[in-house]
Amino acid sequence: MTEAKKVSLVLEDGTRFEGKSFGYDKSIAGEVVFYTAMTGYPESLTDPSYTGQILVSTYPLIGNYGVPTDQMKDNIHAHYESHKVHISGLIISDYSSEYSHWNAIKSLGDWLKEWKVPGLYGIDTRALTKILRMKGSMLGKIEFEEEPVDFYDPNKENLVAIASTDKKEVYGNGEHKVVLVDCGVKNNIIRCLINRNATVIRVPWDYDFTNEEFDGVFLSNGPGDPAMCEQTVANISKALKIEKPIMGICLGNQLLARAAGAETYKLKFGHRSHNQPVLLAGTDRCFITSQNHGYAVAPESLPADWEAMFINVNDNTNEGIRHKTKPFFSTQFHPEAASGPVDTEYLFDEFIENIVKYKKGK
Amino acid sequence: MVRLNTSIKKAIVLGSGALKIGEAGEFDYSGSQALKALKEEGVETILINPNIATIQTSEEIADKIYFLPVTAYFVEQVIKKEKPDGILLAFGGQTALNCGVDLFRQGILEKYNIQVVGTPVQSIINTEDREIFAGKLGEIDVKTPRSYACQNMQEAYAAVEKIGYPIIIRAAYTLGGLGSGFCSNDKELQKLASSAFSYSPQILVEESIKGWKEVEYEVVRDKYDNCITVCNMENFDPLGIHTGESIVVAPSQTLSNSEYHKLREISIRIIRHIGVVGECNVQFALDPHSEDYRVIEVNARLSRSSALASKATGYPLAFVAAKLGLGYGLHELHNSVTKVTTACFEPALDYVVCKIPRWDLNKFSGVSKNLGSSMKSVGEIMAIGRSFEEAIQKGIRMVGLGMHGFVANKQEITIDQIDEELVNPTDRRIFAIAAAFDKGYTIDDIYAKTKIDRWFLHKLYKIHALKEELLKSNTLSELNDELLLDAKKAGFSDFQVARLVLDATDKEMNDKLLEVRRHRQAKNIVPYVKQIDTLAGEYPAQTNYLYLTYNGSEHDIEFPRDNKSVIVLGSGAYRIGSSVEFDWCSVNAISTIRKEGYRAVMINYNPETVSTDYDTCDRLYFDELTFERVMDIIEMESPKGVIVSVGGQIPNNLAMKLYRQQVPIMGTSALKIDNAEDRKKFSALLDEIGVDQPRWSELTSIDDIYKFVDVVGFPVLIRPSYVLSGAAMNVVSNHDQLEHFLQMAADVSKEHPVVVTEFIELAKEVEVDAVADKGEIVAYAISEHVEFAGVHSGDATIVFPPQKLYVETIRRIKKISREIAKALEITGPFNMQFLAKDNDIKVIECNLRASRSFPFVSKVMKINLIEIATQVMLGVPYTKPDKSLFELEYVGVKAPQFSFARLLNADPVLGVDMASTGEVGCIGENFYEAILKSMLSVGYKFPEKNILISSGQARSKLELLNSAQMLAERGFNIYATEGTHRFLRENKVESTLLHWPDEEDQKPNTIDYLREKKIDLVVNIPKNYTKRELSNGYKIRRNAIDYNIPLITNARVASAFIYAICKYKLEDIVIKSWDEYKA
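For the protein sequence lines, the chains are G and A, in the order given.
Sequential numbering from 1 applies to the first sequence in the UniProt record's numbering.
Sequential numbering from 1 applies to the second sequence in the UniProt record's numbering.
Please keep in mind that the hints were generated in silico from the structure rather than gathered at the bench.
Any given hint might turn out to be false.
Unchecked claim - Ranges of calculated distance between the beta carbons of each label pair, as one might list FRET restraints: (1) G:Thr69 with A:Gly107: 56 to 62 Å; (2) A:Asp225 with G:Lys135: 38 to 44 Å; (3) A:Asp481 with G:Lys135: 27 to 33 Å; (4) A:Glu40 with G:Asn173: 54 to 60 Å; (5) G:Tyr346 with A:Glu40: 33 to 39 Å; (6) A:Glu40 with G:Lys106: 49 to 55 Å; (7) A:Lys191 with G:Thr69: 39 to 45 Å; (8) G:Glu230 with A:Asp481: 52 to 58 Å; (9) G:Glu230 with A:His289: 47 to 53 Å; (10) G:Lys135 with A:Gly135: 55 to 61 Å; (11) A:Thr442 with G:Asn173: 45 to 51 Å; (12) A:Gly181 with G:Lys106: 38 to 44 Å; (13) G:His83 with A:Asn185: 43 to 49 Å; (14) A:Asp481 with G:Thr69: 39 to 45 Å.
What the hints assert, rightly or not - Pairs of lysine to aspartate or glutamate, DMTMM-like flavour, derived with a Cα cap of 20 Å: (15) G:Lys130 with A:Glu554; (16) A:Lys262 with G:Glu345; (17) G:Lys20 with A:Glu554; (18) G:Lys5 with A:Asp481; (19) A:Lys1078 with A:Glu925; (20) A:Lys262 with G:Asp349; (21) G:Lys130 with A:Asp556; (22) A:Lys339 with G:Asp315; (23) G:Lys135 with A:Glu554; (24) G:Lys5 with A:Glu482; (25) G:Lys6 with A:Glu482; (26) G:Lys20 with A:Asp481.
All residues carry an ideal CB built from backbone N, CA and C; glycine is no exception.
Please take these sequences and the hints and turn them into a complete structure.
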């Protein structure tokens, strides 16, 4: 057994946890958030929505099945949700230095080192989670001995600009042309669209796509505060007038809401898990969803021609909105899953159906 | 908002009957939950379950209880009488399900217009029939193992062409897997298939998925089609070993997100297609080298796995399933842990649980110890930790077979044939892995032989490596603190540390482990209490469902330390000799404690129990019952007291150790418990108060034993002190046997010597279950065994109140009980066993704790002995019952349930060692009606026509003569083996001679008659004369079991049963609920 370096996690309220390093040995600061999913760390770590965040896994045993191959399919990674590890740091309780899986090529620790991301184990992640739950997500820093670092608030930055792409790119060769506004998109959104006979035109977050040739608009997930993305909101407002079908996910939900005239706000500690129940408004249909967000739409601020589409059964927060007459809808949760349950993937079908209907009616 | 299925006002719930292998305490738990859910909705509940020791058959749980067999006939009688409008079939295991299918097929449900609450019967049938099942899943593109029925070699080759090697061959219509096996090439196929065709006209050629991962999902669906998977679980042992025989972890550990959710999505697709409303379990095989899978099984009912999943997650599956059956949607129900969030969610765990089966294979002679596709384990435990190492080491200790974890076990336990054990696992495989590491095997070596995922093996290796590190230190001061903490995080006990570091011998152990304890406490290496809250801390939860871990740095809870908490130590894993009856005792102690205004704190780790239901008590520590862990909890809780007398032998054995640490033990003093447990001390006490006992002597040398036997004569009874259900206890009739058993007995416990006792034949056995307060008996029940002494009290058929005891016998037994209660200053429950022969009374055992028969006598006389005992121990006022036992106008009979059918090759005989896995208790107008109900409840049937009698020695021949005459008079055909046939002829009873099994060419032969199922009842009284008689007797008994023919092996039980079936017809049996029997 090789000796692991001792390292501390310091929260802005002064709480300090001592752990051992299994990732890259570098001090770092960010926003500390917890997530309660029990599988899917390769997907979560490469999820651009986690940009700037130090991730705490409530599930204690992490690294069990290593890290999958970096093979590409349709010009995107087959097993990752983006081209890199986005989190700032990873905090866990029990690290499996020895992994086992047919599809794995390296350990989680080696992968973190590769991306220069620190990882801590040996932390009472339940105790840490309870602090975050009570006091809300807070700033924190991972500090190695004699390598002090200052607190850093990623939410003061435009994280979307960091997570987004810098150039227009096209994926797939389907009959439906979908403009994908990349605010930090997860690959599985692209996969879900390609699998449904779409050509995906991925554009940067602030790109004015309204002049492109397209059949529908997809607003991606992404990190941080939606209020930072004024340019995107302005573009969406233009798109609303064009009346082609729009679907949004997560940050995309918040941006669509803002474009419609509604407001967004920061949740105390957000939803980051695979077990969030959402009710389809006005029905008895309840779905288990994958979520990862710190901000939410204030449903009471929605204009009269919009309505809540989904509601979180646990805390009644908004989980999606739709236009009462036009083909615009979005969800706060992640129908594309990866990681998490796939129960709501059918919403992509509805989006494509909207496109088909739109084309027919044209 | 909530629209209920309001048509249900009154519903029948079917229980699962006696505990048996494959159907155990989990159904008491799920049934109790269902009844609670129904009650909450104002539905009147009728429970049919003859298992009198369960919690669900208690007054406050169901409105009416029928202690009757769970068969279509009896259920129809209850339906006629009670006129219910609904029935619940999913909460009583396979027994209830099969009964439900019978009721449906016989048109009874339709006839009485009874609605099935929850999953429709047709859906159940669709999952039960393999062919329909595979077809149904095919409709939704779900894969099941490919299988082809073949009539000849050509077809077999054609099947292989389609499937590809490796394949498995199964011969149809054979028992016990005869002619089955794996083939990897044409040559092997040729050999095996041609041999299989010699047994059977048809073989099944199936694709082999042996070695694949086995993964289960617990799926829930409501009437709105909302679905969730509450939990998934992964078997440590790959496919090939029954999931009930496997070590299981939850959640899955080696599945990637895409595998996890692929199988989850398929589970949901299946539950929707089958149309389950409530809960179902889906079992998968998953290829360890790709995402390929097969669905192996779907259970459209609550199961052992669902009980485990409930405990593993804190999600009350059975309760929710019952509510969904009544018409709720998942989103309309609350998460009962957080109270604020919805039941429509999937629990997030922030810990890992590990289930390990408990086997008792040593208790059966002749049984194969290999684990395979059928279940042999009798119980299970669940361990919770924040690392796999912590969970599995806890778990190995919890199983309670003398192991201290994965490593640091007794030196004597060596595995000679590591390779054999790894390839063909028995109940000791986990220790073979430990031994293999010691011998230098690599993880790859072990993987190649076991196909256990390397992840698990790496974790086990980590434990092994820590052991090696610990061995390097010889004193605690040398021991590095960080290493000690790492070891504790990996689940090492103080005992293991003491053994590895201090090299402590058994004798020094008690002191040394305390030394380790003090050392680590000084270093602040202590465990922390964590909650199981279903949401991994995301929402605040007031949950009292707790466990301890070293992988933490703070407690989730606070300790009031207000002298208001009372800790109850539970009974641990169900095993032969300790099962649901102690759970009943624990739960009743808890509820009394709460009623009396104290806080009840439970410690137990058996996922099949009601006592580990977190809303049963004020605090549940789902953790070990080791001295170390119990002390940890006691030190944190500072309780008013600890109750050690309601959980059977495990807590009882802790009494002295806790007492030495100044723990306040409630009730009888630990010193007095030791006086009763220690044979020598107890014997001296009996001598002192002038109470007789069979002569006995303590083994110090073989010579002394021989001398003693010369005095008392054979047979003698041999046993170690501190017995649990007679481990290594045996009656020996000659010197050879004596020597053999002395060796075996000495293996069991070095700390306590072996004793030899004269064995008194033809004596009645009488039991007293009682409660005393400071030496005064305040309540008691005397019951008698139907069998003569020599049958373990757990296997005996017990009658209460006694029907055939002399008044004088009873008077003397009461007097002796009073004297002993006084001498031992008993405060609380106790049980004594007596031998009675011609009013000559001898004491054979005294337990200063509740016994197995407490629920039975309490329910029959309607006086809750545990409630009184608990009040006595708490020192609060209680009402002394004034009823005399003779005032009962009815009779209760408790009958044992055996599981021999599951234990291939085991000899189904009774002896001083307990073999039954469960029991029932039924109430009748008189002894015969009661014993008839009881025996019908454990699977006996009215014989139609033909009865085989093989009546053993002269004494039992005589005993059965009257029965044979009665049978003959009533027109039954009696078949008899040679000696019995002669004896009957001499006594003018007609019988047909059937030849012994070894006289194969002599017709008619017993074996043919059994195999052709021409016999409806077998009475075979074993005798131990010659090898030939032994083997012939064994063959008759075993074939009776294998061909599912009722078998009785005790002459007194046989004559009682035969008298009852001659006196009563099925229609004569009175259908009365418990409350209709007026005390």
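Evaluated hints:
no.: 1; hint: G:Thr69 with A:Gly107: 56 to 62 Å; result: holds, 59 Å
no.: 2; hint: A:Asp225 with G:Lys135: 38 to 44 Å; result: holds, 40 Å
no.: 3; hint: A:Asp481 with G:Lys135: 27 to 33 Å; result: holds, 32 Å
no.: 4; hint: A:Glu40 with G:Asn173: 54 to 60 Å; result: holds, 58 Å
no.: 5; hint: G:Tyr346 with A:Glu40: 33 to 39 Å; result: holds, 35 Å
no.: 6; hint: A:Glu40 with G:Lys106: 49 to 55 Å; result: holds, 52 Å
no.: 7; hint: A:Lys191 with G:Thr69: 39 to 45 Å; result: holds, 42 Å
no.: 8; hint: G:Glu230 with A:Asp481: 52 to 58 Å; result: holds, 56 Å
no.: 9; hint: G:Glu230 with A:His289: 47 to 53 Å; result: holds, 50 Å
no.: 10; hint: G:Lys135 with A:Gly135: 55 to 61 Å; result: holds, 56 Å
no.: 11; hint: A:Thr442 with G:Asn173: 45 to 51 Å; result: holds, 49 Å
no.: 12; hint: A:Gly181 with G:Lys106: 38 to 44 Å; result: holds, 40 Å
no.: 13; hint: G:His83 with A:Asn185: 43 to 49 Å; result: holds, 47 Å
no.: 14; hint: A:Asp481 with G:Thr69: 39 to 45 Å; result: holds, 41 Å
no.: 15; hint: G:Lys130 with A:Glu554; result: holds, 11 Å
no.: 16; hint: A:Lys262 with G:Glu345; result: holds, 13 Å
no.: 17; hint: G:Lys20 with A:Glu554; result: holds, 18 Å
no.: 18; hint: G:Lys5 with A:Asp481; result: holds, 17 Å
no.: 19; hint: A:Lys1078 with A:Glu925; result: holds, 11 Å
no.: 20; hint: A:Lys262 with G:Asp349; result: holds, 19 Å
no.: 21; hint: G:Lys130 with A:Asp556; result: holds, 9 Å
no.: 22; hint: A:Lys339 with G:Asp315; result: holds, 12 Å
no.: 23; hint: G:Lys135 with A:Glu554; result: holds, 17 Å
no.: 24; hint: G:Lys5 with A:Glu482; result: holds, 13 Å
no.: 25; hint: G:Lys6 with A:Glu482; result: holds, 12 Å
no.: 26; hint: G:Lys20 with A:Asp481; result: holds, 16 Å
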